[in-house]
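Q: Given next are the chains, with one letter for each unit.
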Amino acid sequence: MNRSDKQNDQRLNFELKTVLETSRMLVESRNSTFIMNNLLLIIMGRLLVTKAAIFISDPVTGKYTLKKQKGFGNTGGGIEGIEIITNEEQKERSFFSGKELPETFPVKLDDPDNSHLFNLRTNNNHHGFLLLGAKANRQPFSKNELEFVEGLCIISTAALVNSQLFNELKNTYRNLDRRIHELNTLFDLSKEFNLLVDREKISRIFKFALLGQLFIRTFILIFNNQDELTVLASSGLAKEPSAKKVKDIFTTIDSEVLLPDEEFKKNHPWIARNEIAALFSISIQNEKVAVIGVGERANKVPFSEADFNFLKSLANLAVISIQKTYFLEERIDKERMEEELSIAKSIQQGLLPDPIPEVQGVDLAAKTISSREVGGDYFDVARTPDGNTIFSIADVTGKGVPAALLMANLQSMLHVLLPVEVTLSEATERINNIIFKNTPSDKFITFFWAKYLGTHKILQYVNAGHNPPLLLRNNENEFEELSDGGLLLGAMESIMPYQQSDVQLNPGDLLVCYTDGVNEAMAPHDMEEFGEKRLMKCIINNREKSSADILDAIVDEVKNFSGHKLADDLTLLIIKALD
Amino acid sequence: MKNFKIDHRITNGFEVLDLYGELDAHTASQLEDALKELINNKKSTIIVNFRELDYIASAGLGVFMAYIEDVRSIGGDIKLTNMNDKVYNVFDLLGFPTLYDIFRDEEEAVEKFLNEIK
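Protein chains in written order, with the numbering used here: chain A, 1 to 579; chain B, 1001 to 1118.
One should not assume that every hint holds.
Covered by chain B, per the in silico footprint, the following chain A stretches (three or more residues, Cβ under 8 Å) [unchecked claim]: (1) 31-38; (2) 169-178; (3) 184-194; (4) 424-438.
In silico DSS-like pairs for lysine-lysine, Cα to Cα no more than 27 Å straight-line [said to hold, decoys possible]: (5) A/265 x A/201; (6) A/170 x A/17; (7) A/170 x B/1086; (8) A/559 x A/545; (9) B/1112 x A/300; (10) B/1005 x A/201; (11) B/1112 x A/201; (12) B/1112 x A/239; (13) B/1112 x A/191; (14) B/1112 x B/1036; (15) B/1086 x A/191; (16) A/143 x A/367; (17) A/457 x A/443; (18) A/99 x A/63; (19) A/265 x A/312; (20) B/1036 x A/201; (21) A/91 x A/135; (22) A/170 x A/239; (23) A/239 x B/1042; (24) A/545 x A/533; (25) A/201 x B/1042; (26) A/324 x A/312; (27) B/1043 x A/239; (28) A/300 x B/1086; (29) A/91 x A/68.
Don't read these hints as lab results, they were simulated from the structure.
We put the CB at the ideal spot given by N, CA and C, even for glycine.
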C-alpha cells in the first residue's frame, strides 16, 4: 500500500466516522433547526466552504423557502417563493451545478461553476436543496467529497422528515390532550352544576373554569331572568358596568358569537376599555338568557373554533343550571305565598262569627264564600251590652290580601264600638271617618248594619252604600229595599249624618242581605249577570224553607248560573222572623 | 376522592400556601378565599406549593388567572412550585408557563423573590 492510498484510507475512515457520528446525533435529534445547523456546519468545516444554505420545497407551488444559510451575510432565513429548478429532471439527480440556477435566484454566487445544489431527498421524495458555494481554495470538489456531502444530505433529510413528523405528532397529541382536558372539564362541571342550587356558586365555578381553560383574565356573565338583568359573575374588569351599560351590552349582542371590531368598540367604549375580545349570546328555546364576554388570552394566542365550542358548551350547561335555580326559587316563593295565604284565610275566618249565635225570635243563617284564598267580604252577628243583636254585612272594593286587611280593620272597629253607647248613625260616621283617614282613596267599603231589638221586634238599620237588603213580608210578593243611610265608607269625610231607619219585623218576614258576588255573578260565556230579578225569584220560590236552606238554594243557583266559577267573593245573611 | 386542604405558613417572609388533595370545581372557592385573604392583608409575595396536590381542574387554574393581576398590581407575584408531572402537564397544556413562574422546588421561588426584591 503506497502512501497516498494509505492517506486516502485514513481520510475515508475519518469521513465515515463523521457520517456515522452525525447520523446518530441527527437521528436522535427532533429539532429541525439543530439538524439544519449541523448539516451546514459539518460540511462547511470538512470541505472548507464559506457559503452554504438550505432551501425547503413547497410541494404545492414547486417553489422554495430559504430556511437557513451561513456566509451570505444578512440575507437571513425565511425568504419564500424562490425558484431553483429549471427542469424537473434536476430533482432526480444527486446534485447539479450552480450555473444551472435561474436568473431570478436571489442569492449572488461568487463562483457558480464550482457551486453545487445537493438534493435533499428520502427514497423518492424530494424535500429541498443544500446549496454549497465554492471551496475557499477555489479547487473543485473531489469525488470523495461529493459522496461525503451526498451521504450527509441523505441522513440529514431523513432526520428532518423525522423531526417534522415528530413535531406534527407532538402537536396532534397536545391538541388531543387539550380536547380531553376540555371534555373532562365539561363532564366534571355538569356533575357539579347538577348538585348546586346556589346560582352565585354556579356562576363562580363557571367563571374559574373558563379563566383556567381559556387562559383569560377578563370575564363577565350577564343573566336575564324575566327581563331583569344581573351581572352574576365577573373578573378582571376595570369597573363593573352600570345597569344602563349592562342593558346596552345585553341587547346589542344578537349573534351567537360577536368579535368586536373597531366600529363596535367605538359605539360601545366600555367593551374597548375592558378589552373584551369576544361576546357570546346564549339562548334557551329561542330566548336570549345570557350574554358572556371574555378578554383575550393572556399569551395573546387567538381563540380557535374549538375554544368557542368549548365555551358555548360550558356556557349552556351553566346557564341551564342557573335558570333552574331561578325556577326553584319561584316555586318556593309561590309555595310560601300559598302557605301564608292559607294562614291568612284561617285568620280571616276566625274574624267571622262561628258558630252563628242564636238570636231569639229569628231564624238566622250567614255564609261567605271567597273567590280567592282571602277576600274582602264580611258579615257579623254580635250581641250588644244592652242584650240586643247587631247584624252586619260589608264588601271591600278589590279582592285578595288588600281587601282582607281592610275587612279585618272594619271588623275590629265594629267590635270596639259595640259596647259604646252611641247610635248606629253616629257609629257609622266614626267608622267612615277613620277609614277615610287611614286608607288609600281608591279603597271603599259598602256597609249595611242593623240592630235588632228583640223585645220590640224592631230592626234599626244604616245602609252605607251597600246593595239594599231585600225584605219580603209574609204573604207579600213584592220586596222592600232597605236603602236608607248614606255614602259608602271611606269615600269622603262625613258631612251629613247617616240616616237611621226602623223596620218592624213580623212573623214570617224574611230579610236577605247579600254582597255583589250574588247579583253580579256572571254566566260563563255571555256577559249576563245573575241580577236581582233571579235572586228575588229564588227567594220567593224558597220562602217557606229555613234561612239555612234558603241560603243554600241561592248559593246553588248562583254557582250553577256562573258555571261554578265565582269571580268575586259572595256573602249572604238571611234573617227570618219567627212566631 | 381525597379531601382538599390548604395550609398557610411563612418562609423567609414569603407567604406559602401548601395545597393537598384535589383542586376541582368544588374546592376552587377555598383557594379563592385563601388568596383573597392574603391580598386583603396586603400579603402579595405568595408561593403556592403543589407537592401534595394530586389533581387540578380548570376551575382551579382559573383562580390563579383571576388573582394574578391583583397580586402583581400591589407589587407582588404568585409563584408556583413542586408540581407533579400530571399537574404540571395541565398548566403547560393551557399555556400557564408564559404568565407564571413555575419552579421545581420552593427554594428556587424563594431565591427568585429575593432577587426581585433586591
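Q: Take the hints in turn and mark each one as holding or not.
A: Right, here's what the structure says about each hint:
Against chain B, the region 31-38 of chain A contributes 0 residues with a C-beta closer than 8 Å to a partner C-beta. That does not satisfy the three-residue criterion, and the hint is violated. Chain B is given as covering the region 169-178 of chain A, and this holds because 3 residues of the stretch bring a CB closer than 8 Å to a CB of that chain, at least three being needed. Beta-carbon proximity to chain B at under 8 Å applies to 5 residues in the region 184-194 of chain A; the threshold of 3 is reached and the given coverage holds. For the region 424-438 of chain A, the stated coverage by chain B is not satisfied: 0 residues place a CB nearer than 8 Å to a CB of that chain, which falls below the threshold of 3.
For the given pair, residue 265 of chain A sits about 31 Å from residue 201 of chain A by alpha-carbon distance, which is inconsistent with the 27 Å threshold. At most 27 Å may separate the alpha-carbon atoms for a hinted pair to count; residue 170 of chain A and residue 17 of chain A exceed this at roughly 32 Å. For the given pair, residue 170 of chain A sits about 17 Å from residue 1086 of chain B by alpha-carbon distance, which is consistent with the 27 Å threshold. Simply put, residue 559 of chain A and residue 545 of chain A have alpha-carbon atoms about 20 Å apart, close enough for the 27 Å limit, and the pair holds.
A distance of roughly 25 Å separates the Cα atoms of residue 1112 of chain B and residue 300 of chain A; the hinted pair therefore holds under the 27 Å criterion. About 19 Å separates the Cα atoms of residue 1005 of chain B and residue 201 of chain A, which keeps this hinted pair within 27 Å; it holds. Of the supplied pair hints, the one linking residue 1112 of chain B and residue 201 of chain A is violated, its CA atoms being roughly 36 Å apart against a limit of 27 Å. For the proposed pair residue 1112 of chain B and residue 239 of chain A, the alpha carbon gap of about 33 Å is over 27 Å, so the pair is violated.
Between residue 1112 of chain B and residue 191 of chain A, the direct Cα distance comes to roughly 40 Å. Violation of the 27 Å bound is thereby established for this hinted pair. Annotation: proposed proximity of residue 1112 of chain B to residue 1036 of chain B holds, straight-line Cα distance about 23 Å (limit 27 Å). Pair hint residue 1086 of chain B plus residue 191 of chain A holds up; C-alpha atoms about 22 Å apart against a cutoff of 27 Å. Between the alpha carbons of residue 143 of chain A and residue 367 of chain A the distance comes to roughly 125 Å, so the proposed pair goes past 27 Å and is violated.
Distance check on the hinted pair: residue 457 of chain A and residue 443 of chain A sit about 35 Å apart at the alpha-carbon level, beyond 27 Å; violated. Under the criterion of a C-alpha separation no larger than 27 Å, the hint pairing residue 99 of chain A with residue 63 of chain A is consistent with the structure, at around 18 Å. The suggested pairing of residue 265 of chain A with residue 312 of chain A holds, with an alpha-carbon distance near 23 Å, which does not exceed 27 Å. Between residue 1036 of chain B and residue 201 of chain A, the direct Cα distance comes to roughly 16 Å. Compliance with the 27 Å bound is thereby established for this hinted pair.
Taken as a hint, the residue 91 of chain A and residue 135 of chain A pair is honoured in the structure, with Cα atoms around 24 Å apart against an allowance of 27 Å. With a CA separation close to 41 Å, the supplied pair residue 170 of chain A and residue 239 of chain A exceeds the 27 Å bound. Between residue 239 of chain A and residue 1042 of chain B the CA atoms are separated by roughly 21 Å; this keeps the pair inside 27 Å, and the hint holds. Restraint check for residue 545 of chain A and residue 533 of chain A: satisfied, since their Cα atoms lie roughly 19 Å apart, inside the 27 Å limit.
At roughly 26 Å between alpha-carbon atoms, residue 201 of chain A and residue 1042 of chain B fall within 27 Å of each other, so this suggested pair holds. Restraint check for residue 324 of chain A and residue 312 of chain A: satisfied, since their Cα atoms lie roughly 18 Å apart, inside the 27 Å limit. About 23 Å separates the Cα atoms of residue 1043 of chain B and residue 239 of chain A, which keeps this hinted pair within 27 Å; it holds. Distance hint between residue 300 of chain A and residue 1086 of chain B is fulfilled; the C-alpha atoms sit about 25 Å from each other, no more than 27 Å.
About 20 Å separates the Cα atoms of residue 91 of chain A and residue 68 of chain A, which keeps this hinted pair within 27 Å; it holds.
Consistency note: the structure conflicts with the earlier hints numbered 1, 4, 5, 6, 11, 12, 13, 16, 17 and 22.
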